[in-house]
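Undergrad: Sequence:
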Amino acid sequence: METSARAHPFWAPALFFAAGLLVGVGFYFLPTADFLKIFGAAAAALLVLYRPLYGLYLLAGTLPFLPNEALLLLGALVAVSFLLYRLRRGQLRLEPVPAEPQLALFLLVVGVYTLVSINPSASLRDFAIYTVAFALFFSLYHGLEEKRQLRTYLLLALLAALVVSFYGLYQYAIGVEVESAWVDEDLHPYLRTRVYSFFGNPNVLAEYLVLTVPFGLAL
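Sequential numbering from 3 applies to the sequence shown in our numbering.
Note that these hints are calculated values from the structure, not bench results.
Please read these numbers as outputs of a predicted model, since none were measured by experiment.
Misleading hints may appear alongside valid ones.
Simulated restraints on C-beta separations [stated by the list, open to error]: (1) R90 with V178: 41 to 51 Å; (2) E179 with A45: 35 to 45 Å; (3) K149 with Q104: 39 to 49 Å; (4) I120 with P216: 32 to 42 Å; (5) V206 with Q151: 23 to 33 Å; (6) I120 with R194: 34 to 44 Å; (7) L51 with Q151: 15 to 25 Å; (8) P103 with P33: 25 to 35 Å.
All C-beta atoms in this analysis are idealised placements derived from N, C-alpha and C, irrespective of residue type, glycine included.
Can you make the complete structure from the sequences, with help from the hints?
TA: Now the structure itself:
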């Protein structure tokens, strides 16, 4: 008699065994903090590669808290995952994006000036940032396919902004020390506190809030 149950591929148990063995060895030999960082990063990378939508959600919720290098790697991973996802589904053609010619021209200009820069290493770094940002723009535009997905993305971003804002209010309450370069004492002799939350710079915090507050009002 035939059965409808399907056997698991032969490699599935071996894959789970290998993963469990690797986790066990890592936990035994590495300090706990290092193990948790590596394990968390590996789990997040696998989740992002499984589906780029999860990577977009992760990016929205962690943007204020990750170092710049980690954000750049996460953004690049999301873009690669989006490309692989489209290849698996055979959806290689993308719908036109508003202002696409202007965006492409801007990136071309950045590329040309990178080649003739007097500081190639710094310019290559900035070019990598611009390239990942453009790839993320297309991943966002095409990856959030439903209104529900867009709403989830925005809610995660606003939840992160809420944490950022509460920490900024805490800094203001305790009177966090401000760097002299951030205050013009001639214009503002009584200003003693400028909050910066998780960003390390009050101007960057302001830019972040300017970008997120309108979405909060819209929701």
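Undergrad: Now tell me, hint by hint, if it's right for this structure.
TA: Hints, verified against the model:
Between R90 and V178 the Cβ separation comes to about 48 Å, which falls inside the hinted range of 41 to 51 Å. A beta carbon spacing of about 37 Å between E179 and A45 agrees with the range 35 to 45 Å that was offered as a hint. Under the hint 39 to 49 Å, the C-beta atoms of K149 and Q104, about 27 Å apart, miss the expected range. Checked against the hint of 32 to 42 Å, the C-beta distance between I120 and P216 comes to roughly 38 Å, which is consistent with it.
The supplied range of 23 to 33 Å is met by V206 and Q151, whose beta-carbon atoms lie about 28 Å from each other. Between I120 and R194 the C-beta distance comes to about 40 Å, which sits within the given range of 34 to 44 Å. One distance hint, 15 to 25 Å for the beta-carbon pair L51 and Q151, holds here, with the actual separation near 18 Å. Between P103 and P33 the beta carbons are some 51 Å apart, a value that contradicts the proposed interval 25 to 35 Å.
Violated hints, listed in ascending order, are 3 and 8; each of the other numbered hints is respected by the structure.
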